[in-house]
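> One letter stands for each residue in the lines below.
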Amino acid sequence: MLKNYLIIALRNIKRNKLRSLVHILGLSLGIAICLLIFNVVWHAYSFDKFHTDSERIFRINTVTEWEPGNLFQSSATNGPLGEVIDEEISLIENKGRLYTLYETMVVIPEQNKVIGRSNKVAFSDPGFFEIFQREWLSGNPERALLEPYSAVISEASLKKYFPGSNADDVLGKEILWVDAADSIYAQVQGVIMDYSENTDFFFTDFISFSTITKKEKEDWYGLHSWSNLNTASQLFVKISKNSSNSDLDEGLSLLAKKYLNEEDSQTKFISEPLSELHFSENYDDTTVSKTLLNGLIYIGIIILLLACLNFINLETALAINRAKEVGIRKTLGSDRGQLLLQFLTETFLFVLISTVFAVFLSDLIQIYFKEYLPANFKFSGISVLSIGFLAMNALLLTLLSGLYPAFFLSKYQPQRALKGEVIAQRGFSLGVFLRKNLSVLQFSASIAFIIMVMVLNSQLKHIHSQPLGFEKEAVLYTNLPFMGERSKRELLAERIRNERFVEGVSLSNNLVSSNSIWTSDAYVMVDSLEQQLNVHVMNVDSAFVSVNGIPMLAGRKSHHVANEILVNRNFLKAMGSPEPSEVLGQTIRFGGEPNIIIGVVENFNARNLKEEIMPMVLVYRPDYYYLLTAKISKQQNLAYAKQRLEAIVEEVFPYEASGFNFIDEVLEGFYEDDRKIQGVLGFAGAAAIIISILGLFGLSSFTIAQRTKEVSIRKVLGAGIVEIIALVSKQYVWLVLISFALAAYPAYYLSNIWLQQYAYRIEMPYLLFMAVGIGVLLLALLVVGFHSLGVANTNPAKVLKSE
Amino acid sequence: MISLSNIDKYIESRFQRTFILKGIDLKIEQGEFVTLMGPSGVGKSTLLNIIGLLDEDYEGMYDFEGKSIHAMKEKQKSALHKSEFGYIFQAYHLIDELTVYENIETPLLYRNIPSSQRKSIIAELLDRFKMVAKKDLFPEQLSGGQQQVVGIARAIAGNPRVLLADEPTGNLHSSQAKEIMEVFKELNKEGTTIIQATHARENADYGSRLIEMLDGKIDKDLAL
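These protein sequence lines are chains R and F, in that order. As numbered in this note's numbering, residues 418 to 1220 make up the first sequence, in order. As numbered in this note's numbering, residues 18 to 241 make up the second sequence, in order.
The set of hints was computed from the structure by calculation and includes no laboratory data. A hint or two may mislead.
Mimicking EDC-like on lysine to aspartate or glutamate, the simulated pairs with C-alpha atoms at most 20 Å apart in a straight line are [claimed, not checked]:
# : chain 1 : residue 1 : chain 2 : residue 2
1 : R       : Lys-434   : F       : Asp-222
2 : R       : Lys-576   : R       : Asp-611
3 : R       : Lys-905   : R       : Glu-1068
4 : R       : Lys-828   : F       : Glu-73
5 : R       : Lys-431   : F       : Asp-113
6 : R       : Lys-974   : R       : Glu-911
7 : F       : Lys-206   : F       : Glu-229
8 : R       : Lys-420   : F       : Glu-114
9 : R       : Lys-420   : F       : Asp-113
All chains, full assembly: derive it from the sequences and hints.
Here it is, written out as structure tokens:
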């Protein structure tokens, strides 16, 4: 029986090529997109699932209400909390402390070997390894991280630091880790295996936490007080069985009451499940936004539904062609269930063929989106995971798209079906109603997607055309060691300044525009009243203004004197807009000391364009400089300049690997997420319109062919080709218009949410909405016109004779 | 075997009832070869459909072997339909996507007959109707007469006791029609009850009983 079903399904697929093409193209596109999205979502949720009792592991977060209603949540915890938490809260089985380091220099003193800088170094206590269990290649898990100046390295580090050595051989060996100004010599006390599964705990070098809880180091690492918060300081706990998240939070709030004084009362501690870590703050800026993931899931579902709708639509429209077969089979003894099964088998076959195509297609799409995907994301359309998904998906899809047409077809009455009496339905017909509305839904989704992409496009274009208040062309920067030697830094600056193609060099603590921000309070006298201003602080040298091409409104550049300060135009605005020259010489209290305004600069966008320009002060604190910015002359070949500058840096700082980058790349980086959204939506929009147009192509070819007789009669009665095309196309104009009406508001609503995050944004481009609507209408008419022209051109004599 | 009493079938429009069948009383015994005759639209096909359980939208009593059709459940009706009736149509109504062999096989599939038995039944039928060489052809590759022969083979494959034929020769020229009628006669001789609707008088001569219909009623009932 099944063989018979399959045979007839295959022959039908071969026979009606247009129908098969529409179905397989649409379905495989939908399945491919879903397969990819499923893998991406699965990957994002796969992090740190493998730890023993992972559902009992929590990270402690700190929430501060720094302004009423304005909460700041951070994964950081202060030092003292890490000391007392397990004593105060009894349901905590284990605590694990972690203190992450940034760009730590690794040196093997014994061999005089400099390994280079690493972000995979952290301080941790033995509890950390009790919570996050490891396989130990050597050393004693309980004792290895107990004493100060002991360390545990992973197998990856072992191979890198001591090539050829066994895990047992390196016990007791000394490694030097240089964190900015602190040099730590520690002995290897254990070697552990690296995790093989997806994890955010990628650290390879662990130094005992007791090394930094010593009195003289606590200050430097910021672990001394209840009020000091440092993102590097992380605290994990594992709670006992039978206790819950809320028990832990309750304990934490009691603890906060006990230890925090009045002033800190806006601060509280909450627990964050380990499973959330990959979505909130992890250690290499690869967190995934759940909103984005959900957006992807919605897009996947919408595209797949569109493909299903195509299927349902076309199958019900083509049902008349199958009516005769249904009639015959019923007279031969088939019952309705067997017919249902037959049509579902046919649907399943379509889904199966499409699934095979989808595996190839998803690989192509994946290549297109390569840069959007996480670095360790490996995609295969034929992995166990993918095949499992595809199998489930195939079943679901078969039911979703096959059930309605199958019911529709199998309910035909045989004696009527055999006479061809199936079209004659009077009054309301669910089939026709559904068919029209499904097409409307498809076009609505396509139009909405396209409008959103267009709005994103224009906003991003708008951003690129905005003047930023500084020059971004031919400006390069590099990172220098943080808290390194000042003289060495200045020597390097001097050497670069002497290159003939360099127009200026500036040392600073921040780039002219970046994602980082230092805000502080400044106090200034306005009308003999001291006024407090929240200001954006830039710590830069005197060359900064000219190197970045920022116009001066009044005064002069600094002379490298600590209490001289520059302000921007918005600072004056906050003071009540005095003339720039009037404020020169005025005193600002900042950082507890009086500073004198010696110059005023024009406003410039030191952050991305989602934010307004804040009142700004430019101060001189040369000890913290770690960025070097160089302006290259316009005629110079930039690639050469970059190479030459990197060579100079390598001479002065032989162990620093960081090269030179262009400022405009930093600026591009601000909107990377938005460009990803644009790319994904663009793709979704393209897929949606392809599927919809494909559906319309199949559907109209069929419905228009049905009107051949009517058209012929009209031609005989004297209708011209244009009139006939207009007649046949009219209903499709309505279809697109209704779809547009349905799509406009959701598209407006969603793109408006997105636009609102920009301080510098375009007006909602209503004309663009219209343009998209008209574009889709034209596209639809083109497709329909293609078919209607065919009908309009048939010879009426021939058609009417055969009737 | 088949007993119809007072069968009415009508179409209701807003102001009037149009009767297609009115007050049909008819008994048909096993082994009869009945011909329903009359002009187009007189209700022959409708009566055939009612007898063959394809149309349930009528009033009156229908007993099959003494059992009332109305009292039967859907499942029993379906079983009766499968085991007792075979259909032959004027337009042959073969499934275009299936070969001759597969077309004949289809009713056997719906009767859950095992594969080996199916093969022997089909082989026998192909042999009997001299279609062995054509078993892998599709309907569109056959002449009208050949298609109708396949239609008959398919109708009797399930070994029904009653064969219902609606204008079986309507689309055929006279020599082909003759062949088909010979086949019917032979089947009747073997014991199959045949009820055919036709408006060709010469076809009635092959049968044992002629029922002439007029305006939805039985006009004459003659034994031949």
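> Look at each hint and say if it fits the structure.
A quick look at each hint next to the structure:
1. A threshold of 20 Å between alpha carbons decides the hint, and for Lys-434 of chain R with Asp-222 of chain F the separation of about 48 Å lies outside it, so the pair is violated.
2. With a CA separation close to 12 Å, the supplied pair Lys-576 of chain R and Asp-611 of chain R stays within the 20 Å bound.
3. Using a Cα cut-off of 20 Å, the hinted pair Lys-905 of chain R and Glu-1068 of chain R holds, with the two alpha carbons roughly 11 Å apart.
4. Only pairs whose Cα atoms come within 20 Å are accepted, and Lys-828 of chain R paired with Glu-73 of chain F is accepted, the gap being roughly 14 Å.
5. Between Lys-431 of chain R and Asp-113 of chain F, the direct Cα distance comes to roughly 13 Å. Compliance with the 20 Å bound is thereby established for this hinted pair.
6. For the proposed pair Lys-974 of chain R and Glu-911 of chain R, the alpha carbon gap of about 19 Å is at most 20 Å, so the pair holds.
7. Restraint check for Lys-206 of chain F and Glu-229 of chain F: the C-alpha separation of about 23 Å exceeds 20 Å, so the hint is violated.
8. With a C-alpha separation of about 14 Å, the suggested pair Lys-420 of chain R and Glu-114 of chain F falls inside the 20 Å cut-off, and the hint holds.
9. Straight-line distance between C-alpha atoms of Lys-420 of chain R and Asp-113 of chain F comes to about 17 Å, which keeps the hinted pair within the 20 Å bound.
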